[in-house]
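Trainee: Just so you know, the protein sequences line up as chains A, B and C, in that order. Sequence positions in the first sequence follow our numbering and run 1 to 277. Sequence positions in the second sequence follow our numbering and run 278 to 579. Sequence positions in the third sequence follow our numbering and run 580 to 875.
Simulated from the structure, these hints should not be mistaken for laboratory data.
In silico lysine to aspartate or glutamate, EDC-like type, Cα no more than 16 Å apart, as pairs:
hint: 1; chain 1: C; residue 1: K758; chain 2: C; residue 2: D741
hint: 2; chain 1: C; residue 1: K713; chain 2: A; residue 2: D159
hint: 3; chain 1: C; residue 1: K730; chain 2: C; residue 2: D741
hint: 4; chain 1: C; residue 1: K713; chain 2: A; residue 2: D158
hint: 5; chain 1: C; residue 1: K637; chain 2: C; residue 2: E843
hint: 6; chain 1: C; residue 1: K637; chain 2: C; residue 2: D678
Quick caveat, the model's predicted, so the values are computed rather than measured.
Residues per chain are reported as follows:
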Amino acid sequence: MADRIATVVMWGVALLITSTFAWIVGDLLVQGLPHISWDFLSSSPADAGRAGGILPILVSTLLILAVCMAVAIPLGVGTAVLLSEFGRRNQIFGRLVRYSLDVLAGVPSIVFGLFGNAFFSLYLGMGFSILSGGLTLACMVLPLLIRSTETGLRAVPDDYRRAAAALGLSVFTTLWRILLPAATPGLIAGLVLGIGRALAETAALLFTSGYVDRMPGSLLDSGRSLSIHIYDLAMNVPGGESNAYASAVVLIVLLLIINALTFRAADRWLQQRITPV
Amino acid sequence: MSRSRTDVPLLWTLRAVAALAGAITLLIVAFLILEAWPALQSPGIAHFLTDSSWFPASTAPQFNLLPMVVGTLVATLGAMLLATPLGVAAALFSRFYAPPVVATWFRRLLELLAGIPSVVYGFWGLVVLTPLIRQWAPPGQSLLAAILILSLMILPTIALLSETALRSIPRAYLQGAASLGLSRWATVIGVALPAARTGIASSILLAAGRAIGETMAVLMVAGNIVQVPDSLFAPVRTLTANIALELGYALEGHRAALFVSGLILLVLILLLVSLSRWIMREELNVTAGIEPYNEEARAPHG
Amino acid sequence: MSDACSPATDTIVKDATANDAAVSDPQNLRPWAQRQACCATYEPCLQVRDLAVYYAGKSALRNVTLDIPRGCITAIVGPSGCGKSSFLSSLNRLSDLTDGCHVSGSVRIEGQEIVGADIDLIALRRQVGMIFQKPNPFPLSIRENLAFPLKHHGMRDRQTRDAAVENVLRRVGLWEEVKDRLDAPALGLSGGQQQRLCLARALVLSPKVLLLDEPCSALDPLASAVVEDLISSLRGDYTVVIVTHNIAQARRIADNVAMFWLVEGAGTVVEHGPAANVFESPANPITAAYIAGARG
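Put together the whole structure using the sequences plus the hints.
Mentor: Given below as structure tokens:
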């Protein structure tokens, strides 16, 4: 009897979750899709965003993302290499870095916003700018990048390391030609996760990259991200709802594309692992 | 690989890069303290709990953060109460009840839910959920709305991580249960949940961390009135929402007070991370024995 | 470097076929005298004195003193866990990769000390090639597996590299099998082909010494025979040190044998000398029993 009740409850919960999901996504699509057109994607917002499109916002979003990744990738890969390849020789240092990254991964995004505002915008004098926002996001996605790159490197068989050593290859060559290429799947998965997280972020950008919805002229200009655009239209602009819906759909589609890439990367990773070596 | 003299700079570069990455946390803490320092000195830490209210910008500023702390804790607690059973049930469904094809699709769906940006949840809550609540008990933007949206956001986290924990239960345990002729529910209660308890517990802690730190979704649906809520339908303001709302125009003492609330958030998160590491320690020690990367595996044999 | 021992590269395949007879019939061994002619000098290439290896302070190998003659094949035999692989990996300092591993004593390669001293590991490992139990080609193309170490060690000219690649592939009898798919992934080759590629990868750097750590034990019997013949053909050109579990294999290819045994918890050499002496009239009763008892 208990068994039967449990089964019914489990299916009920699954149904509840699925229908809520369908409700949210359905609502977004029904309200948002009709407003999406080439014109919407390729024109500037007008009347505080109630009319017009999102072109400068898309550009700002991509620029923030580019700054974020340009900084996070070298830092992340370098740290992952140190932790996985030299971790044993730098044990205490490695443990400290790892603990610090664990904490970093849990820091709330609004706290990143506070930090970015105090450090990048004011202390380093970058002001409210795409640069400041991108750097703040870089701090945020760094733990994700490091973790998956490290996992990728650890999945590379030790045979390669031994073979490289026996051939007298230098550390740099071994890393550059053998280990990092073999760890690419992990790197890509981390990249895709990081991009997803950065695209979705709002709170950390409120006080770093700012609100300005004009086309940015340089990285030192303020630029409004897609997520902030949605927030602003929904909260501060009466009558901005329909464009907020449309922007939300654009953001989710962008994220879905990234998600699809994750699946593909994961599949490739799996395949590589089952290929007889 | 062989260490050559040209590799020494490389190694030092890597060390510098890792030190930089590791130093970000310190830098964050340092700048929060630096910016919060004026407020910690005067009015002093006690005022954040004993002042009569929150009027940080007036000429005789009042800095009582208690309503926001209560708002954060109550909203998080409510969301945990709602999302934990649902999330664990979803994990059990996917692992033990759903046919394989359904389980795969259900997992995908949970992953998609986990990937929806918080600002989109907040937007949906604002335009769909709060009007519904308003019809029932105005004003709609309320603690209840915040709890519902937060639950929706952390449910996928709990479900996906608990499912991973359930998946890593040794097959032998389940076979043992099956050989005893236990029913599915008895297996779940008697074997699966106890065996996966540390993984599930850490998923709940992680989700709690996300709920405490969530800003946008709560900001958009909770109403943001500074008060200790007296009912589910009363508007509340959380610590995170408070920062997001006021940092834009905050000056001097006010700004410092907001950084104090950032410090409080950071401390809460640190406690949760430490607790989760402590709970998982047992688990980590168990798996360390079979880690393929230990010393013996690297030592040449023979 | 007599012609009888190291056939010209283009006759390697024929030579391998000729040797098949010897492989299929273990009694049909090449006479000791003929083998010794190829490394008749018996001048030491490696001089090992009082070598000891520790893992995390625990002794794994001690008191190893022996000379390894130039141009000969020296087989290291003995049961599992008696430090054979540790011995091998201290000859090219690959032991450095294992944490907590400490090597003491003295190893001189052509008179140059390699233990402890501040030596150039890259130059050392260029001189001392190594092949492992499990074939470990890089996840690159067949050509790149050979060309990229060459490039790394300073061979910039592409044509010279291509010539070297072809030459060494012929040397290991792989050229005819792979010449049409040099840019295919090396991991697509069979186990035996992969192991020969690894051998080629070691040879392409023209080392003086080759260390082989049970190179045939992960291969099927046919592939194993091909690789074994290949190793035989290296006699005279390289100083080869091969660890093997397989007494029959040692009998077939070795000029010189060192018998390792576990004594008081650590491996050491109990007997070494020309293969004829060790196999025909072992001085040590342990060796005699092991050679008589070990099958396969």
